[in-house]
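Q: Could you put the whole structure together from the sequences, leaning on the hints where they help?
Sequences listed follow chains Z and R, in order. Just so we're aligned, residue 7 is where the first sequence starts under my numbering, counting upward by one. Just so we're aligned, residue 7 is where the second sequence starts under my numbering, counting upward by one.
No false leads were slipped in.
The list treats identical chains as interchangeable, and a pair is accepted whether it falls inside one copy or across any two copies.
27 Å max Cα-Cα, derived BS3-like pairs, lysine-lysine:
#1 Lys123 with Lys185
#2 Lys122 with Lys84
#3 Lys84 with Lys123
#4 Lys20 with Lys208
#5 Lys136 with Lys123
No lab work stands behind these hints, which were simulated from the structure alone.
The lines below spell out each chain.
Protein chains: 2
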Amino acid sequence: MININSEQLSEMEKYYRINLINSLAGYKSLNLLGTIDNDGITNLCIISSVFHLGANPPLIGMVIRPERPHNDTLRNIKSVGQYTLNNVLPEWYMHAHQTSASYPSGVSEFDACGFKKIYADRFKAPFVEKSTVRIGLEMREFIDVELNGTTIVIGEVVRIMTDDSLIEEDGTVNHICAKTMTVAGLDNYCLPQAVGRLAYAKPGVEPHELSMVK
Amino acid sequence: MININSEQLSEMEKYYRINLINSLAGYKSLNLLGTIDNDGITNLCIISSVFHLGANPPLIGMVIRPERPHNDTLRNIKSVGQYTLNNVLPEWYMHAHQTSASYPSGVSEFDACGFKKIYADRFKAPFVEKSTVRIGLEMREFIDVELNGTTIVIGEVVRIMTDDSLIEEDGTVNHICAKTMTVAGLDNYCLPQAVGRLAYAKPGVEPHELSMVK
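A: So this is what it looks like as structure tokens:
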């Protein structure tokens, strides 16, 4: 067994530790984050720090790294108050990864990386046309994490645009049919396969697969 | 295309909305969260709200729902200051799901659901023996989210115990070899397959697969 303690962690080479810690806790949500500024210039970046915060109100959190000169994303969210999350598919995941390159200010990653925009009624931020699950959010809270200078952005889901037949009868989005990808660490892109849906767990009842009412 | 707005979201049947919002943003990190109280009673629960916060210092965040009478987990983390995250494997994922059942206070889910504990030197919280990637954390910060009463717990990684050969030369944990599972929504368990590792993205350079230095 490999056994690593905090002294060894602090002495690790920088990029080795980045890869290790970033991949440690398993697979991450993978999305393209779409924003727009007040002059209409759009921005698109891949993000893997999205987490579910609660269903009522419908809230999603994400971590944004410290604001830098060309970190347009955080500035756009602050000024416009809206953003979108769009799932990533195997057919074009390389182009989604390419949005992480440092393009000059004023260049939209939608154009530079070959993504067509679509818009929803009464919603400013752009969605990714070739995604199959698209979420429109309104910014609700910024939390500055003093421990490392990151910002946790909390948004409320106000729009959902999915391809037909992707929402099951009980409300669950079928990400297998949606072809949604996931990522481990910085760059390890994966496509999940279904193992099983399990019924609500109760003490004394053996765990078993969910029987879906059709 | 299915098009849902915030009015429709607010009028949805409660469990339909829970399933929809919980599954919306894609696949989630899946772990068993191990804790212990000051009397030595252990607790184990499945958690899917873990997110990467930063590598230096090595920080991981997670969302805990509002404290309830038998929410021993949050109380244990607060009183002992330590906890563990352990990955979930296909061979026993049904037993991992079973830890979400409401067992009476004083019953350890390690015993009730058939998990053997292991311990690390100078670390109180228990690890899951049959996981392949095990993380020991020390609590660093609690953030109360007023929007919905949840708590974001931030911990620093102070121990890592993995099976041999799971950490690649550049530090990345190989979750395909580790057989780590992921979950979409409340109960949709999946096993990812590798698609590709991509090189660091640069403007003007076509996205391409990473050539690993052996």
